[in-house]
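S.K.: Protein chains in written order, with the numbering used here: chain R, 154 to 514; chain B, 154 to 514; chain X, 154 to 514; chain V, 154 to 514.
The set of hints was computed from the structure by calculation and includes no laboratory data. No experiment lies behind these values; they were computed from the predicted model shown. Incorrect hints may appear among the rest.
As the list claims (entries may be wrong) - Below, a sample of chain B positions facing chain V; criterion: calculated Cβ distance under 10 Å:
1) 184
2) 302
3) 507
4) 514
The beta carbon of each residue, even a glycine, is placed where N, CA and C say it ideally should be.
Number of protein chains: 4
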Amino acid sequence: MSHNTFGHLFRFTTWGESHGPALGCVVDGTPPGISIDAAEIQHWLDRRKPGQSRFVTQRREPDTVEILSGMFQGKTTGTPISLMIRNEDQRSKDYGRIADQFRPGHADYTYWAKYQGIRDYRGGGRSSARETAARVAAGAVARKVLNHLVPGGIEIKGALVQMGHLKIDRHAWDWAEVENNPFWSPDAATAVVWEEFLDGIRKSGSSTGAVIEVVARNVPVGLGAPLYGKLDADLAAAMMSINAVKGVEIGAGFDSATLTGEDNADEMRMKDGKVSFLSNKAGGILGGISTGQDVVVRFAVKPTSSINTPRKGVTTTGEDVDVVTTGRHDPCVGIRAVPVGEAMMAIVLADHLLRHRGQIG
Amino acid sequence: MSHNTFGHLFRFTTWGESHGPALGCVVDGTPPGISIDAAEIQHWLDRRKPGQSRFVTQRREPDTVEILSGMFQGKTTGTPISLMIRNEDQRSKDYGRIADQFRPGHADYTYWAKYQGIRDYRGGGRSSARETAARVAAGAVARKVLNHLVPGGIEIKGALVQMGHLKIDRHAWDWAEVENNPFWSPDAATAVVWEEFLDGIRKSGSSTGAVIEVVARNVPVGLGAPLYGKLDADLAAAMMSINAVKGVEIGAGFDSATLTGEDNADEMRMKDGKVSFLSNKAGGILGGISTGQDVVVRFAVKPTSSINTPRKGVTTTGEDVDVVTTGRHDPCVGIRAVPVGEAMMAIVLADHLLRHRGQIG
Amino acid sequence: MSHNTFGHLFRFTTWGESHGPALGCVVDGTPPGISIDAAEIQHWLDRRKPGQSRFVTQRREPDTVEILSGMFQGKTTGTPISLMIRNEDQRSKDYGRIADQFRPGHADYTYWAKYQGIRDYRGGGRSSARETAARVAAGAVARKVLNHLVPGGIEIKGALVQMGHLKIDRHAWDWAEVENNPFWSPDAATAVVWEEFLDGIRKSGSSTGAVIEVVARNVPVGLGAPLYGKLDADLAAAMMSINAVKGVEIGAGFDSATLTGEDNADEMRMKDGKVSFLSNKAGGILGGISTGQDVVVRFAVKPTSSINTPRKGVTTTGEDVDVVTTGRHDPCVGIRAVPVGEAMMAIVLADHLLRHRGQIG
Amino acid sequence: MSHNTFGHLFRFTTWGESHGPALGCVVDGTPPGISIDAAEIQHWLDRRKPGQSRFVTQRREPDTVEILSGMFQGKTTGTPISLMIRNEDQRSKDYGRIADQFRPGHADYTYWAKYQGIRDYRGGGRSSARETAARVAAGAVARKVLNHLVPGGIEIKGALVQMGHLKIDRHAWDWAEVENNPFWSPDAATAVVWEEFLDGIRKSGSSTGAVIEVVARNVPVGLGAPLYGKLDADLAAAMMSINAVKGVEIGAGFDSATLTGEDNADEMRMKDGKVSFLSNKAGGILGGISTGQDVVVRFAVKPTSSINTPRKGVTTTGEDVDVVTTGRHDPCVGIRAVPVGEAMMAIVLADHLLRHRGQIG
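Same shape as in the complex, but just chain R (with noise of 0.2 Å):
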C-alpha cells in the first residue's frame, strides 16, 4: 500500500498512463494450480470498459488483456501474473491547452506541483481513470483465488444505490436487476427514474455523484487484524484509492453515528449450532475482523470534474483562465466505478485470506 503497490501476501502493482502505449499490472502471491484464462479476466473487463451506453464515455476501448507470466498449461504458478492491455483510442489531438492549464477538480495542479512541473497532461496521464482497468483486471485474478480456496465460493457484487439525491428503494433491492439497466441499479423503478435525471444532465454537459455498495456473501469468519491490518481499515483504503472517491462507510456507516448502542449492536443467536446474528449494522466487520456475515462497504464518487460550462482555473504559468472541456466524458463516473468496487473488494479479501492462512493456519 504505498507507491503503486496493494496488498501483502496477495498484492499487485499498476502502471501506464492514459495515452502511453499501454496499461497493466502484475499480480504477485497468487497461490499455484489456479485454472484462469484471458476470456475469465475479459469477462469482468468488458464489464468496465467503456461505451456500453449513452451514459458512460464513448472513448473506444476493447480493453484486450494479455497474459504475459505466471501462467503454466492454463494454471497459476504461484509466480508473478503479468497482464497488458493496450491502449488503442489515441487519437491524435491538440493537448496544448489542456498541456498549459490546471482545470478545477482535476488533479493538474497537483501532479505539477508534487512532480516539479513534469506530468504526461494527456487525458490525464497516471491520474486518468483508464488506470481502473488494471484493477479490475487484478481482481478478476482474486475472485479466482477466492472461489478456490473458500468452499462455496465468495459471492462479490456492485450496485449503484445512489445517483445524485436519488436513492434506490432499499425494499426493491433485487440482484438480478444489476445487469437489467446500465446504471447497475437493485431497483428496477429507481432506474428508469435516474435514466431520465442522467439524461438531462448529460444534455445539459453537466455531471452527477454517486454512492455504489458492494457486498461479499460467504466471507469466513476470522478475516482482518488488529490493529492496522484491520479488514475495514484496507477496504476503506482500497475503496479511497479509487479515482474521485471520497467517502468510505461499512454497514451502517455514517448512520451509526445517529443510532443508539441498543440500536446499532447485532444480536446474537445460536442457529443450527452456529452463531448466527439478527441484523448486520456491523457491515460483517467487528474489531477489524470478518463476522462471516455480508461484508458491506459503501463509497461516494464525486462528479467528475469535466464540464461543458466555462470553469474558473489557472495556467502553469500563474494566468487566470476560463477552462472549457469538451470531448466524450461520463455525465455520472459512479456507474464506470461499479465494477472497480467490486475488483477492490475482492483483492483486499484475497490478500486477507492468505494472511490470515499465514498466521493461523
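Chain R is fixed; fit chains B, X and V onto it per the hints.
M.R.: For chains B, X and V alone, kept in the frame of chain R given last:
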C-alpha cells in the same frame, strides 16, 4: 499498515492489552535533532484520558508516558522511540461471565473465532480503546516532526460535529470553543444541547454515536502519491483503524454524491502570485495529493455496545444468553476519539512528508 | 526489513540503546495458542549474556526479560508480544572523550554524519551489541513457533568454526561439545588451542575475528520464494544485520567458486520413497527455496575495534587524535554472536514458514 | 524485499519466465525530471546479453527493452516505469524429459515441491537467469537516479576476481582492462590464464564457479540505517538474490575473521578538512552506514549445474534417473553475473539515497 504497525518512513508499532501490565508503542523513522520531552507527549495524552467529565468513562488511568529510548540530551537521535504507559487501574474483579460470553457489537466473537479460542477477555484485551493511548503518544511525536520540518508548522485540530442526530451549526464554528466544553464542540450553543441529550443517554444506561472532524492547516502542496499511496487512502485507513469507526470521508465526502460537477469542483484564481482555491469541496486533496488547502477528514463513531439493557448474545460453548454490561463506560465514545483522530492525522502527514521528501526532495 | 523492523508475517521491531533505561522488542504475527513463559526466553538470553567466562566482556547485565503483552494464561494470543530488558549496569563514568572522538572501526563517525551530529555516544548507543539481546529474545519466540508448527520441531544450533586463522577440524565435529567449552566449539581439541590463543589476544589487549556456523535441521522443503523473498537472501540480510558481521555464505559458500559443476551439484536418489540428497553443497537451499536438507549458514565477525593499542582517529571538531579504548570488552565478539546467529535463523524460518503457509497452504 | 519486489522508496518488481512471451519489470519511486531514453537502458542490457563470446551461452536473445510507461517527453514523471523485453529465442523443442526430471543443482525439485507440482519447466521458467535482464534494466534506471541526485555521480563497476581457484593479482588491478577481455577481468595477465582454463572447462562440458567484486565510488557518507535497514544487510540480500550466488562479503569480508583489531579497524586522519581513512577494510560501511569510502561487495557464484556428464537425479514420479544436460549453457555463469551485480548495487544505493533523504533531508 499490516499487523500492528502503521506507516512507512515514519511508522509506529503498538502493543499491549487493556489489563496487562502496560501498553505502548515504538515510533520509528523520526528525523534527528528534534527536541521532545515527556511533558509534551503527556499534554496530548491528558486530553484523551478518561475521567475528565461525567460524559466519559470514570475509569481512572493517569496514563503517564515513559520515554525508554531514541532520545539523547532532550533530542531525537533518529533511532526508535519506545514509549510505555503502565496500566494502573486493574481492579480485581470476576471476569467469569465475560470470559464465556460474546457480547453483541463487540469484537469478542471475532477475536475468539480468529485466534482459535485464545483471547484476553479482560476489558476487551487488545481490542480495548485503551490502545488509542499509544496512538496519541505517537501522534505527539508526529506533531513535533511536522512542526520541525514545515515552516510555520502544521496545525491539527479536531472537533465533534454530530452527536446522535444533533449536528452543530457550522456557521457558528469557533475553534476556541472546543476547549470550553467537554465535547470538543466548536459551537457553544450545540454543546448545551448535547449536554442535556447525553445526560439522558447516560442516565438511561444507553449510548450514542458521533461524527468527528479533523482539520490540518498549512499542509504543503504535493503530499501523497498515486495510486495506492494516496494521501486520502492512507487517511481513510488511519481513521477506519480507530476503534468503533464505521465511516470516513474527505471534504464534501458523501455529500459529493449529490452535487453536480459545477458545484463540486473547486475553482481557482491566482492570488498574491499563488494558486488560490475559491472553495474546498475537495477537502484539500485532489488525485490523492494535497492541494495546500486545509485537509479535512470526517469519521463516524458508532455508539458503544456496552449498555445497561440486556442484549441477546451467545456463549463460547454455544448457548444463547442475555448479556448485561455493568461498570464504567462512555455514553459517547466519539468524544474521546477526537484526540485520537488528531493523532492519526499527524501520523499520516508526517509519514507522507518524509515519503515526499524521499522521492522528490 | 527496514528501519528497525525485520520480517513480514512474523516480524519484530527492536528499540533501545546501550545506556538507556531499557531495551526490547515487539514480536508480531505469532500464531495463537503457543505456550511460552518468560523462563524459556530467559534460557536463550542467558546463553548470550556477558560475564560467563574470561573470554567475554565482564560487563554485568542480568538481562532479565519481562513479557508485557501478547500472552494470556500462558499462551500467545496472536497479538504483539512486547519484551523488555532493563539496563542495569550503567556505571556512571566520564563520557567526555568518547563524546568528542570518532573511534576507528566503530560506527561513531557514520552515526554522527548521518544523524547530523546527534548521537547517543554512551556505550555505542544504538550501535551497541546490547541490541542483540532483543534479537535473542525474539528468536526464542520464533523457536516456539517453529516447534509448534513443524512436526518434530526444527532444531537450530550454532558453533564457532574459526577463530583468527584457527579453524576447527570438521571431521571432529560433535554438537555435544559446543556446550562444553566457552567458545561454542564443536571440536574439543580446537577449543583447547583457542583457549591459549585467545588468552594471548586478551592479555595483549587485542582482539580477533571469527566465523560462526548455524545449522537448522528438519526444515520442511518449500520455504522461500522467488526472487526477492529467497530464503537465502533473507538469511543473508539477517546475518549481515548483526553487529560486526562482514560476510555471509550458504552451504559451500565462497568455496563453490572453486568447484566444478560435477563437484558442486548435490545428486539425488530416492530413499524410502522420498527424495534424498547425496551431499549438501547447496546448504539446504536451491533457487531460494529449502530442499529439506539442513540449512547451513556461515558468517564472519570482525574483531572488535575496542583494543588497548592507541589508534588514529579524529574528533567531532576535526582534529586528529590518538584513541585508546579502556574498559570491559570482548577479545572475540564472535563468541557471543553464536546465540544471535541462531536467533536470526529461527526468526527467518518462522517468517518463511508463515509466508509459505499463507500463499500455498 | 518480498515476493518479486525489491526496495522501499526506489523499488522494482520483476515478472516473466524464460520461455514465456516476455519478461520485464516495473520500476517505482523514481524522482521526476530525469532524462532517460531506451538506448541508455539498452546499453547496460547489451553488456549482459548472451552470445558475446565463446565463453557464454550461445542462446541468441536481442534483449531489446521497451519503455511502456512513466516517461513523458523523455523525462521521468515520478510514476511507475514499465520495462518489457520480449523473449524471441524460444526454439521449439521436446521438453518431455526436463518436465519429468529433477536435475541436481537446479531449482527443479524445490519449485515442484513448493508449488504443489505446478511449474513452468521450460528453460527453468521463473528460476531462469533470464530474469536478471529485468534487474539490469532496473539498474540502468537506478544509475540515472544516482547520477541525478549525487553531485559528480556515483560510479559503479564490477569485475571478475576469481575463476575456479584462479584469483587475479590485485596489484595489477586496472579498471580499464575489464572492457578488454571477455571475463571482465581487471588484470590482463589473469585474463589470459582464464581463457585457457575456461576453454578446457568448456570443451569438457563442465563448468566452474567464480567470484565477482562490485565497487561503488563517490557514495555519500550516511546511507543506510540501523538495524534492519543496514546498507550492508540490503546489499547482502540483493546479491544473494541473484541466481547461483552462495556467498556475499563486504570489504575484508571473511578475511576479517583472521585479523586482529589492530589490523582490521580503518584508522582516520583529517585531510583537507575532511575525514580521511587510511585503509578500507570496512568496505565503505560501518554500523550499517556508508563511510564515504568506496563501497566494496564481493559475491561467489557457483558453477552451473547444467553439464554434459550424466548426474544422479530423480523423476517427478519418484524414480532414480541419470540426468544429462545438452544444449547451450555457460561454462562460467559468473561472467554474466558481473553486470547483474552492478545493477543490484545501483538499485540498493538508489533506494537508500531516497530513504536517507526522506528521514534526514
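S.K.: Each hint: holds or not?
M.R.: Okay, the hints, checked on the actual structure:
no. : hint : verdict
1   : 184  : holds (6 Å)
2   : 302  : holds (8 Å)
3   : 507  : holds (4 Å)
4   : 514  : holds (7 Å)
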